[in-house]
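Enquirer: Sequence:
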Amino acid sequence: MSASLQRIRCESWDAYELANDTLRVVVVPALGGKIVSLSSRHSGREWLWRNPHLSLRTPATDARDFSAHDFGGWDEVFPTVSPCELAGTAWGDSTTSDHGELWRRPWSVVDESVNEDSSVSLSLSCELTEFGVTFTRRLTLAADAGRLLCDYTAENRASLPAPFIWAAHPLIAIRPSDAWSLPTGTRMKLGVALGIDAAPPGTEFEWPLLPLRTGENFDLRVVPDADAGYALKLFALRTPTMSLQSDNVDRLTLSLEGVAPNFALWLNYGGWSGADCPPYYNAGFEPTNVAYDSLADATRDSQAAVLTTGETQHWRLVVEAT
1 MSASLQRIRC ESWDAYELAN DTLRVVVVPA LGGKIVSLSS RHSGREWLWR NPHLSLRTPA
61 TDARDFSAHD FGGWDEVFPT VSPCELAGTA WGDSTTSDHG ELWRRPWSVV DESVNEDSSV
121 SLSLSCELTE FGVTFTRRLT LAADAGRLLC DYTAENRASL PAPFIWAAHP LIAIRPSDAW
181 SLPTGTRMKL GVALGIDAAP PGTEFEWPLL PLRTGENFDL RVVPDADAGY ALKLFALRTP
241 TMSLQSDNVD RLTLSLEGVA PNFALWLNYG GWSGADCPPY YNAGFEPTNV AYDSLADATR
301 DSQAAVLTTG ETQHWRLVVE AT
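Numbering follows full-length UniProt numbering, in which position 110 of the sequence shown is assigned residue number 110; successive positions increment by one, without gaps.
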């Protein structure tokens, strides 16, 4: 049994398909290296959400607003989530783009290979030329399992340090009664709450009970119906592994290796949309090295990762889908 790697078309773009009997992955290099499909072949479940209100299109060279390009799928966020300024670093004096610099640029294919163990690999790279930083992601699909390895490399060739936040940004096509799986008691931090009377931003609590301003607790484990009407941004702190389970059949597990392990969760249960359209029903299931949205804030608090001049860093995300 072996995996396959082939070039295909995705709408009007060149794309790559990595597939085996368990999992199918489709990547479009020209769209910021976006993974547009992650589907379980046994159940037919497509894990990645696609925006029904926005069609895929190539971002303009001056695009900065991620919400106008919130097409769904899986993007990579680097070096920040929230736009900010970081004078005295490799990022210069200009404001970094919303959700970073990678989603709005085409990526280049570095390597495509069939490996000795019958797995297949696809390496893509994005040159942030004006900053002197290179970001590379190598995807390897196992020969006979729903296991995708995402190996990341960031290299700083600039004369100044490059602090950074990285987050994988898969938007999940959630279903009612899906359940989030984290160890009870995991430390959480609240970022944003919309449409729900939650405690103030920055409040820390233990999974799965979100404190409300009323003094009550709100259980976060089970995904509600699409008309729930609220959205939350949360961080699971120092957590290497997290899962989303569906009816004891489908399960998506993400595990982070080689960096400080955190997860950001964007639980959008009909509570927000950034475009002029009805609120979305999706979830950002986002492993990250830093539990902040703003790189400026993380740097101020000495929490940002840093690429020193000439340094290269490596880390891995393991994706298991059944």
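Where hints are given, some of them may not hold.
[Unchecked claim] Now the in silico label distances, taken between C-beta atoms and shown as ranges:
1) E130 / S43: 38 to 46 Å
2) D65 / D14: 23 to 31 Å
3) E116 / N248: 30 to 38 Å
4) H53 / A179: 47 to 55 Å
5) A275 / V306: 30 to 38 Å
6) A179 / G44: 17 to 25 Å
7) P52 / G92: 35 to 43 Å
8) S12 / D65: 16 to 24 Å
9) T309 / E216: 32 to 40 Å
10) R213 / S43: 18 to 26 Å
11) S302 / P278: 36 to 44 Å
12) G88 / R64: 45 to 53 Å
13) T214 / P52: 29 to 37 Å
14) T309 / R213: 44 to 52 Å
Hints were generated in silico from the structure; no laboratory data involved.
Just so it is clear, CB atoms sit at the ideal spot from N, CA and C, and this is done for glycine as well.
Enquirer: With reference to the structure, classify each hint as holding or not holding.
Expert: Results for each hint:
{"no.": "1", "hint": "E130 / S43: 38 to 46 Å", "result": "holds (44 Å)"}
{"no.": "2", "hint": "D65 / D14: 23 to 31 Å", "result": "holds (26 Å)"}
{"no.": "3", "hint": "E116 / N248: 30 to 38 Å", "result": "holds (35 Å)"}
{"no.": "4", "hint": "H53 / A179: 47 to 55 Å", "result": "violated (27 Å)"}
{"no.": "5", "hint": "A275 / V306: 30 to 38 Å", "result": "holds (35 Å)"}
{"no.": "6", "hint": "A179 / G44: 17 to 25 Å", "result": "holds (20 Å)"}
{"no.": "7", "hint": "P52 / G92: 35 to 43 Å", "result": "holds (37 Å)"}
{"no.": "8", "hint": "S12 / D65: 16 to 24 Å", "result": "holds (22 Å)"}
{"no.": "9", "hint": "T309 / E216: 32 to 40 Å", "result": "violated (51 Å)"}
{"no.": "10", "hint": "R213 / S43: 18 to 26 Å", "result": "violated (40 Å)"}
{"no.": "11", "hint": "S302 / P278: 36 to 44 Å", "result": "holds (41 Å)"}
{"no.": "12", "hint": "G88 / R64: 45 to 53 Å", "result": "violated (22 Å)"}
{"no.": "13", "hint": "T214 / P52: 29 to 37 Å", "result": "holds (35 Å)"}
{"no.": "14", "hint": "T309 / R213: 44 to 52 Å", "result": "holds (47 Å)"}
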